[in-house]
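Trainee: Note that our numbering numbers the sequence shown so that position 98 is 98, with each residue one more than the last.
There's no promise every hint is true.
[To be verified] As a list, the in silico DSS-like pairs of lysine-lysine whose alpha-carbon atoms are at most 27 Å apart:
| no. | residue 1 | residue 2 |
| --- | --- | --- |
| 1 | Lys-7 | Lys-82 |
| 2 | Lys-2 | Lys-100 |
| 3 | Lys-2 | Lys-105 |
| 4 | Lys-105 | Lys-7 |
| 5 | Lys-82 | Lys-111 |
| 6 | Lys-105 | Lys-82 |
| 7 | Lys-100 | Lys-52 |
| 8 | Lys-7 | Lys-100 |
| 9 | Lys-52 | Lys-2 |
| 10 | Lys-82 | Lys-65 |
| 11 | Lys-2 | Lys-111 |
| 12 | Lys-65 | Lys-51 |
| 13 | Lys-65 | Lys-2 |
| 14 | Lys-52 | Lys-82 |
| 15 | Lys-111 | Lys-65 |
| 16 | Lys-51 | Lys-7 |
| 17 | Lys-100 | Lys-82 |
| 18 | Lys-51 | Lys-82 |
| 19 | Lys-100 | Lys-51 |
| 20 | Lys-105 | Lys-52 |
| 21 | Lys-51 | Lys-105 |
| 22 | Lys-52 | Lys-7 |
| 23 | Lys-65 | Lys-52 |
| 24 | Lys-111 | Lys-100 |
Honestly, the hints are just simulated from the structure, not real lab data.
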Amino acid sequence: MKENLVKLQNWGCDVEGALPRLINDEDFLLECIEQVSGDPAFEALGECLEKKDTEGAFEAAHSLKGIIANTGITPLFDIIVKIVEPLRLGEADGLEAYYKELLEKRSELQKVLGE
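Taking the hints into account, I'd like the entire structure generated from these sequences.
Mentor: Quick look at the structure:
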């Protein structure tokens, strides 16, 4: 297994679960995870939360949840579900703390990747 995938696994990612979803291609998985770390939906989510745009926030969060789940980034997934589910019900109050935590974990991910 590639060194960065081992680092990601040690950080808490479900590399073994994600690989079959991505045709067991380690390079492709790494490329996808790197794309997730820079996904503009993170910023869109923050902007929508700030504006109290629950529909836009849900779209951004739901998009992130899907790609995060498919790539096995468990540390981010555990947080994004806490954002998506209230938004699904049209509720955005109190999500700023989870959003801040999500950004902190994304920074950790970027450090693990060496970005």
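Trainee: The structure should be examined with respect to each hint, and the outcome stated for every one.
Mentor: Results of checking the hints against the structure:
Taking the CA atoms of Lys-7 and Lys-82, the gap is near 25 Å; set against the 27 Å cutoff, the hint holds. For the given pair, Lys-2 sits about 30 Å from Lys-100 by alpha-carbon distance, which is inconsistent with the 27 Å threshold. Our distance criterion of 27 Å between C-alpha atoms is met by Lys-2 and Lys-105, whose separation comes to about 22 Å. Between Lys-105 and Lys-7, the direct Cα distance comes to roughly 15 Å. Compliance with the 27 Å bound is thereby established for this hinted pair.
In summary, the hint linking Lys-82 to Lys-111 is supported, as the alpha carbons are separated by about 23 Å, within the 27 Å threshold. With a C-alpha separation of about 14 Å, the suggested pairing of Lys-105 with Lys-82 holds against the 27 Å cut-off. The hinted pair formed by Lys-100 and Lys-52 meets the criterion: a straight-line CA distance of about 16 Å does not exceed 27 Å. Distance hint between Lys-7 and Lys-100 is fulfilled; the C-alpha atoms sit about 23 Å from each other, no more than 27 Å.
For the given pair, Lys-52 sits about 42 Å from Lys-2 by alpha-carbon distance, which is inconsistent with the 27 Å threshold. The straight-line distance between the Cα atoms of Lys-82 and Lys-65 is roughly 10 Å, inside the 27 Å bound, and the hint therefore holds. A distance of roughly 16 Å separates the Cα atoms of Lys-2 and Lys-111; the hinted pair therefore holds under the 27 Å criterion. Simply put, Lys-65 and Lys-51 have alpha-carbon atoms about 21 Å apart, close enough for the 27 Å limit, and the pair holds.
Between Lys-65 and Lys-2, the direct Cα distance comes to roughly 25 Å. Compliance with the 27 Å bound is thereby established for this hinted pair. A distance of roughly 17 Å separates the Cα atoms of Lys-52 and Lys-82; the hinted pair therefore holds under the 27 Å criterion. Of the pairs offered as hints, the one joining Lys-111 and Lys-65 holds, with about 21 Å between alpha carbons and a cut-off of 27 Å not exceeded. About 37 Å separates the Cα atoms of Lys-51 and Lys-7, which puts this hinted pair outside 27 Å; it is violated.
This hinted pair checks out: Lys-100 and Lys-82 have alpha carbons roughly 12 Å apart, not beyond 27 Å. Under the criterion of a C-alpha separation no larger than 27 Å, the hint pairing Lys-51 with Lys-82 is consistent with the structure, at around 19 Å. As the CA atoms of Lys-100 and Lys-51 are separated by approximately 16 Å, the hinted pair is consistent with the 27 Å bound. As the CA atoms of Lys-105 and Lys-52 are separated by approximately 23 Å, the hinted pair is consistent with the 27 Å bound.
Taking the CA atoms of Lys-51 and Lys-105, the gap is near 23 Å; set against the 27 Å cutoff, the hint holds. The hinted pair formed by Lys-52 and Lys-7 fails the criterion: a straight-line CA distance of about 37 Å is larger than 27 Å. For the hint linking Lys-65 to Lys-52, the alpha-carbon distance of about 19 Å falls within 27 Å, and the restraint holds. A distance of roughly 17 Å separates the Cα atoms of Lys-111 and Lys-100; the hinted pair therefore holds under the 27 Å criterion.
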